[in-house]
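Peer 1: Which chain is which? The protein sequence lines are A and B, in order. Every number in the numbering used here is 8 more than the matching position in the first sequence, counting from 1. Every number in the numbering used here is 8 more than the matching position in the second sequence, counting from 1.
Hints may contain errors.
No copy labels: a pair is met if it fits in one copy or bridges any two.
[Unchecked claim] Simulated crosslink set (EDC-like; lysine to aspartate or glutamate; CA at most 20 Å straight-line):
(1) Lys230 to Asp94
(2) Lys101 to Asp80
(3) Lys399 to Glu464
(4) Lys101 to Asp355
(5) Lys263 to Glu363
(6) Lys101 to Glu396
(7) Lys343 to Glu440
It is worth saying that the hints were derived from the structure and are not from the lab.
Below are the chains, spelled out letter by letter.
There are 2 protein chains.
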Amino acid sequence: MAQKPGIPKGTRDFSPSEVQKRNYIFGIVRKHFETFGFQPIETPSFENSETLMGKYGDEGDRLIFKILNSGDYLKKVDEATYVAKDTGKMTPKISEKALRYDLTVPFARYVVMHQNEIDFPFKRYQIQPVWRADRPQKGRFREFFQCDADVVGANSLLQEVELVQLYDAVFTNLKLEGATIKMNNRKILSGIAEVIGAHDLLIDFTVALDKLDKIGEEGVKKEMSERGLTAQAIAKVEPLFSLSGSNLEQLQALKKMLQDSEIGTKGVKELQFIIETVEELGLQSANLAIDVTLARGLNYYTGAIFEVAAPKGVKMGSIGGGGRYDDLTGIFGLKDVSGVGISFGLDRIYLVLEELNLFPQEIEQSLQVLCLNFGEKESQAALKLVTELRKNGIKADLYPSSAKINKQFKYANNRNVPYVISIGSQELQNGEFTVKNMQSGEQVNYALSTPKDFIENL
Amino acid sequence: MAQKPGIPKGTRDFSPSEVQKRNYIFGIVRKHFETFGFQPIETPSFENSETLMGKYGDEGDRLIFKILNSGDYLKKVDEATYVAKDTGKMTPKISEKALRYDLTVPFARYVVMHQNEIDFPFKRYQIQPVWRADRPQKGRFREFFQCDADVVGANSLLQEVELVQLYDAVFTNLKLEGATIKMNNRKILSGIAEVIGAHDLLIDFTVALDKLDKIGEEGVKKEMSERGLTAQAIAKVEPLFSLSGSNLEQLQALKKMLQDSEIGTKGVKELQFIIETVEELGLQSANLAIDVTLARGLNYYTGAIFEVAAPKGVKMGSIGGGGRYDDLTGIFGLKDVSGVGISFGLDRIYLVLEELNLFPQEIEQSLQVLCLNFGEKESQAALKLVTELRKNGIKADLYPSSAKINKQFKYANNRNVPYVISIGSQELQNGEFTVKNMQSGEQVNYALSTPKDFIENL
């Protein structure tokens, strides 16, 4: 019996219209990556397991897809491990490769392996799929694309300025106006923890603070208390819950609050430089806003932290994020290489563009011209015309069989074709072809010998 | 100690210049796929194992990369299987997903799953990586891209004609002139076997015949004899070794030889129709040649067989291939859907373009303008200018730190940048910027207030 076909959960087939829309986004992201001087690299879909394992925490290790060794994969398993049936010990013996979990670790591996070929500072972008054995849910998939741009080997804050401009350029080009680029700085978070005397509770503090939007001021205070912050510490942090006003007003408040913390003061200065420089240069359609509750990737970032929110009114998690990390390549033996980067959340950007109806109509037009097929002799003339149209870059096709004309028109309608050409016996005799505008219904005849007349009117 | 990083054997990192060259090829292939009316789809990197296993023969099954189940993967293994240590029985219990081995089986699965959404005839293209646990060797990788275009649900030979034109359009656009599209027909091969009375030895016959180029006429005869063909059968096949002349002359010879075979005569007629129609329409730069030794994918194709050879003088295996298969989707329960398709061999086309020096020079130019960095104040003016250049679509960058100017120039040279801009304190005072043409050494000043003057000269 034939198999009933399906695909693994958490994965997706993409239809022609979906692929075209995704490629539209990729194309715009890629274009701006390149005008900003980023260069593309690509890395293998699977890496040696030791490259990936241990880099994303225990949870990450569990979510990495492992590839079974080829051939007699049990032969490397010693008897004791086999008898113990301990998958934790067995896995590294039967699987030595694993699917990429993100683009950052492979990039770090790439930089170290190719350090002698690379001209630093190295601005690279990478647009490739990653895989995670996460529980699939709405908007979360086991295979999805990441679009990352990172600079390594440059400490200047001008990089952060450029990355804000890059977000702005891409979202403006996508006509996604009003996105908010939220910024924070890991040093500010450290400074706050220091000032409130809860240095060792920084992670607890920021995890709780990050929930301000979700659980409100009282909720955050309660959680901070449960996580071991003293009442005194929480009182000192109180002004943060009501930080408001312009970016510069917020910076003043932060500066005052953190005046006794060296690292905090440094963080405020960095943030101030970035914000002032961006404001001086001007953004096209995005907003830049300080958000001291922003604490993503805490264990990872050491300076700027970015996150992008969709325009107001669109319910959607962040559509981009990033930050600076001071030691990207240390795990692979290359010390003191600072990196800063951002990424674009393709799947969510897609959903936002869909919701706001921002995909250009042309994307759905996979075929501009369909020639009807009236039989063998007529179709030869039609194919000649189609060949000429294609040489002029027009997406054109000949219906492959002389099916009933109704059926052929139905196909043209389904494929959303704007022009349908007929070359029947009468047209052939007259040396003509008839073009029907499918929207207006209007029909125009052209000479088969001068298809240019039609092409120029397209 | 830090890990010494490496990548799995048979996989590759792609540097910026390699990615750009590959994207150049993909871009041209994609453009022509679309002008010929093909629509893109994408399928998941891994499929359920049952979708792939058993579709490529025993050898194929062995070469499919299997993904280990997540979590406690041993729990589905029964005690008897575990004790027997039989990987053949164990594998399906600990691994339920596998990496795509080609694009054809996933396409067939896609067509069946989505048959109610698809408007037939369905012309799809797909450009995605595939994975094979093959022994790596020169030009053979464990991860590589396939670029396939197929039509399903159309029996007309006009499809074959179009596919020849498609090859011609792509290779012409790549400036790869003189490629030879070799054609045969599975029905001709069947006819030959019938005429020589070796019907049951068709596979042996064609495998031997396919080696004519490599081992010569005597070698083929010897191998045919070893494979069980009688001397009489081999004598009858003799004229095939010296088939020559124009396509039409060869067709005449084949027609005569196969006049008593119904299927063979049908094959010659099909081939003749395709060749005559293509010749009537004309090719731009490729040649079309009958090759009765062409027998690729014998178990698979039922009509036309294509294979493309690089231009004469380039030593390289086939750079493309394809054919017609009458029952693509039957394995998944959808009967009587005929398909015909071709694919482009990206890696080999890349090597041929490299050998013939056919990649356009602009590809290597990842940055058009580099602004030197003379310090904080100057760099702010520079960033303003760079922002303006980027808004005009120019690939421009500001060197991220005020390093020694020699070092900055060296970076510009390494990245092959044609224009270097200086805004030092003097220029800043004069409200100017200096553009150095790195090839001619010529320097020109422009006003910072009118960057358009420079942009228009680019």
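Peer 1: Is it within, between, both or neither when you check Lys399 against Glu464 at 20 Å Cα-Cα?
Peer 2: Within. Shortest intra-copy distance 14 Å satisfies the 20 Å Cα cut-off; inter-copy 31 Å does not.
Peer 1: Could you figure out if Lys343 and Glu440 sit no more than 20 Å apart (CA to CA) within one copy, between two copies, both or neither?
Peer 2: The answer is neither: 72 Å in one copy and 40 Å across copies each exceed 20 Å.
Peer 1: Between the shortest in-copy and the shortest cross-copy C-alpha distance, which are at most 20 Å for Lys101 and Asp355: within, between, both, or neither?
Peer 2: neither (35 Å within a copy, 33 Å between copies)
Peer 1: At most 20 Å between C-alpha atoms: does Lys101 with Asp80 qualify within a copy, between copies, both, or neither?
Peer 2: both (11 Å within a copy, 15 Å between copies)
Peer 1: Can you give me the call for Lys230 and Asp94, within, between, both or neither, at a CA distance of at most 20 Å?
Peer 2: For Lys230 and Asp94, the Cα distance exceeds 20 Å both inside one copy (41 Å) and across copies (56 Å).
Peer 1: How would you label the pair Lys101, Glu396 (within, between, both, or neither) given a Cα cut-off of 20 Å?
Peer 2: neither (59 Å within a copy, 55 Å between copies)
Peer 1: What label fits Lys263 with Glu363 when the C-alpha limit is 20 Å: within, between, both, or neither?
Peer 2: The answer is neither: 40 Å in one copy and 61 Å across copies each exceed 20 Å.
Going down the numbered hints, you'll see the structure goes against 1, 4, 5, 6, 7, while the others check out.
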